[in-house]
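Chains as they are written, first to last, in my numbering: chain A, 4 to 425; chain B, 4 to 425.
Please note: incorrect hints may appear among the correct ones.
Pairs count within a copy or across copies, as identical chains cannot be separated in the list.
[Said to hold, decoys possible] Below, in silico cross-link-like pairs of lysine to aspartate or glutamate (EDC-like), each with a Cα-Cα straight-line distance of 16 Å or less:
id, residue 1, residue 2
1, Lys178, Asp318
2, Lys314, Glu15
3, Lys120, Asp180
4, Lys178, Glu393
5, Lys314, Glu11
6, Lys314, Asp18
7, Lys120, Asp152
8, Lys314, Glu73
9, Lys231, Asp399
10, Lys22, Asp342
11, Lys120, Glu15
12, Lys178, Glu382
13, Lys77, Glu11
14, Lys22, Glu171
15, Lys314, Glu382
16, Lys314, Asp134
17, Lys178, Asp203
Hints are computed from structural coordinates only; laboratory data are not their basis.
Single-letter residue listing:
2 protein chains.
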Amino acid sequence: MQSPTPPEALVEAIDLVLKYQVRTGHPLFFNQLYARADPVAIAADWVVTATNTNSFTYEVSPVYTLIEAETLRKIASCIGGAFADAHDGLFVPGGSISNLYAMHLAHHRANPDLATKGASGGPRCVAFTSDQSHYSYLKAAKVIGLGSDNLVSVRSDGRGRMLADELEVSILRAKADGALPFFVGSTAGTTVLGAYDPFDEISAVCARHGLWHHVDACWGGGALLSEKHRHAMAGASEADSLAWNPHKMSGAALQCSAFLNRHPGLLARVNGTSAAYLFQPDKLNASLDCGDKTIQCGRKADVFKLWALWKAKGDAGMARTVDACFALAAFMAGRLRADPSGQWALAYEPSCSNVCFWYVPRRLRPFSFAASTEAQRAELHGVAPHIKGEMQRRGDAMIGFQAANGRPNFFRMVFAHADAVR
Amino acid sequence: MQSPTPPEALVEAIDLVLKYQVRTGHPLFFNQLYARADPVAIAADWVVTATNTNSFTYEVSPVYTLIEAETLRKIASCIGGAFADAHDGLFVPGGSISNLYAMHLAHHRANPDLATKGASGGPRCVAFTSDQSHYSYLKAAKVIGLGSDNLVSVRSDGRGRMLADELEVSILRAKADGALPFFVGSTAGTTVLGAYDPFDEISAVCARHGLWHHVDACWGGGALLSEKHRHAMAGASEADSLAWNPHKMSGAALQCSAFLNRHPGLLARVNGTSAAYLFQPDKLNASLDCGDKTIQCGRKADVFKLWALWKAKGDAGMARTVDACFALAAFMAGRLRADPSGQWALAYEPSCSNVCFWYVPRRLRPFSFAASTEAQRAELHGVAPHIKGEMQRRGDAMIGFQAANGRPNFFRMVFAHADAVR
């Protein structure tokens, strides 16, 4: 039997949590694609928690419902193109769920019997993503009953960008196999390399073959806010859907994930159940309810932190954060390149604000991946975990590492907030 | 171009939000299955937001990762039976997602090829829920590609409890049709009537036919905390999985939803992708990472508010809240029954803390549903929306209403916090 804990002991427990949780707001936390949350966003989220409601009906969430619609409009206008003309959307719990929504909508568009008859007797649908895409596409393929065999991995170029020609070849091959290609998941800012896929080319391929084009801009979508970097998103505005996580790079506290598509009404048609006890047409203002568009019932008003943050910073302030992250990455990559000692080596040319690099121990210098032996790679592979373990023990910095595309463990330094210093 | 909003204007905006958002913590808010959040839970959630991290790896979320495991153990011990011996679980964003997890796991258990080959060439799987179950089962059936035709609605009795005999007949019929029955979703505390399905009988049927039994205890799961009411959950401990939303009835701020199952390792097997950049085995303490069990990537540490709340209240305090909600419902039902004027009529005998009733206008008194004419029902149907509209305009109270099972609109008064007064 657990007795009540006195308030002072609870306060002590909270102090211990604050002591032992990782300080993700620390200027030397570079481990993830999120980092320091903006104080305005934190305060706004506190308000949402204190008002404790559910964004499923206008009746119980009038202000957040209106703010969500307004903020989605604002994002749609940043995406521009087809999204500015017509859009629909939701704030959802995370980018993986955004990618799931996209694949789910596309799946239903491709197979109109899916909602009633299910997938089992239906066509074998096939989806396409690049070999650099986020693992949530694979999770989504398993959730919607597509299966990993029907998620085709399309090769990327040396910077991590999906090869549109290869995509088209893969689509034609799937058609020849009797399958129904239905979905392409491209990426703006891949997780490891930060690559931006060629959205205009991919949109053209999708249009030619009737596939849904979803842009996972969870990480790199901030480029939409910046005059300087929005060229990287060219063509994304012609996609069918787009996901953006303002809790990455933009300082909205976790979670803050926007999912938009340019097919108004489709979310409600695919996900709607018109639950009689909740979405009664004889209530006041029932037309403003957005719960029937979701795969959730309860949904926290994650939108409010982005709304408050954007109001506080203005468009120019939002753009400045993104520009600062990109500039810091370019600065660091320049420093690594300019170092004559050979102790640093870029594992990839940087994209977005990702810098992928090796620390090269003295006896492996100078290190060139192309010219390296297997033994040298194996030795280098052990370096990053060792350094990271040391960083963690000391508590002075955190930087993620991984092995990818056959390259031994390298550090991925990601600039996810503007407060890092040169 | 949107300019920055000065801080004082932002503060004014927040004041307006607080003014125009519905006061779900008001003692006369009875509209939803959640209501007043406990201040301890709110404070704990504020801490989670301030520490801004992601519960996917131990590395970036050490304290919350350990607290989640500990809290799931605590809940499993409350469920008892098979769950106390072995369990696995997660905190997820809402009860609908919990039900989705359950159906998704069951789907993969029933069809081991699903993860790779997908559903299209596989068996026609069929799931079963009662006609009183939550609409999220239908949403989940559409998400996982099952299709609404393959979600069979099983009749319930006059109190809203699934008829186990009818369930077995439905399963046999599906088998005779060549389908593969795989999942039963029962309910502890149905949304409208608050009914508890006969879990022991359903578990026995599921065991006989090899189906996964999931208990949606999102609303009524609080009964597990109470010596007085846990008899309603008899047999739930032999189910395969269970969902409980402590943001309902227990005062944890939205969202706080626990999903448990008693098949350790299955979540990771079904949802795992072993993303190379995140779940590297060469990191420190990687075995404690729980991200590979989820369908999300980013996941907020919703567990912490329940942990703090439970510590603050102790077992007895948690039980007291549940007992108070049940007692308030029984008290109110008694008052309605004892009223001689005929102005109140119970639409159903109450279960859980739901009281479903009509306000009967003078000329329809005394009202008996069984003896009523269609015209009388139509007239009564318009009463609840009218009264509710008036309550909303005045802002003095909120009580949900709905039509269900052919009965005209009735109020559903739900006691979701212990602070309502007699």
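Evaluated hints:
| no. | hint | result |
| --- | --- | --- |
| 1 | Lys178 / Asp318 | neither (45 Å within a copy, 60 Å between copies) |
| 2 | Lys314 / Glu15 | between (36 Å within a copy, 12 Å between copies) |
| 3 | Lys120 / Asp180 | between (23 Å within a copy, 14 Å between copies) |
| 4 | Lys178 / Glu393 | neither (51 Å within a copy, 59 Å between copies) |
| 5 | Lys314 / Glu11 | between (38 Å within a copy, 12 Å between copies) |
| 6 | Lys314 / Asp18 | between (32 Å within a copy, 15 Å between copies) |
| 7 | Lys120 / Asp152 | between (22 Å within a copy, 6 Å between copies) |
| 8 | Lys314 / Glu73 | within (12 Å within a copy, 40 Å between copies) |
| 9 | Lys231 / Asp399 | neither (33 Å within a copy, 52 Å between copies) |
| 10 | Lys22 / Asp342 | neither (37 Å within a copy, 58 Å between copies) |
| 11 | Lys120 / Glu15 | neither (55 Å within a copy, 51 Å between copies) |
| 12 | Lys178 / Glu382 | neither (44 Å within a copy, 58 Å between copies) |
| 13 | Lys77 / Glu11 | neither (45 Å within a copy, 23 Å between copies) |
| 14 | Lys22 / Glu171 | neither (52 Å within a copy, 54 Å between copies) |
| 15 | Lys314 / Glu382 | neither (50 Å within a copy, 48 Å between copies) |
| 16 | Lys314 / Asp134 | neither (38 Å within a copy, 46 Å between copies) |
| 17 | Lys178 / Asp203 | neither (22 Å within a copy, 49 Å between copies) |
Against the hints set out earlier in the document, violations occur for numbers 1, 4, 9, 10, 11, 12, 13, 14, 15, 16 and 17.
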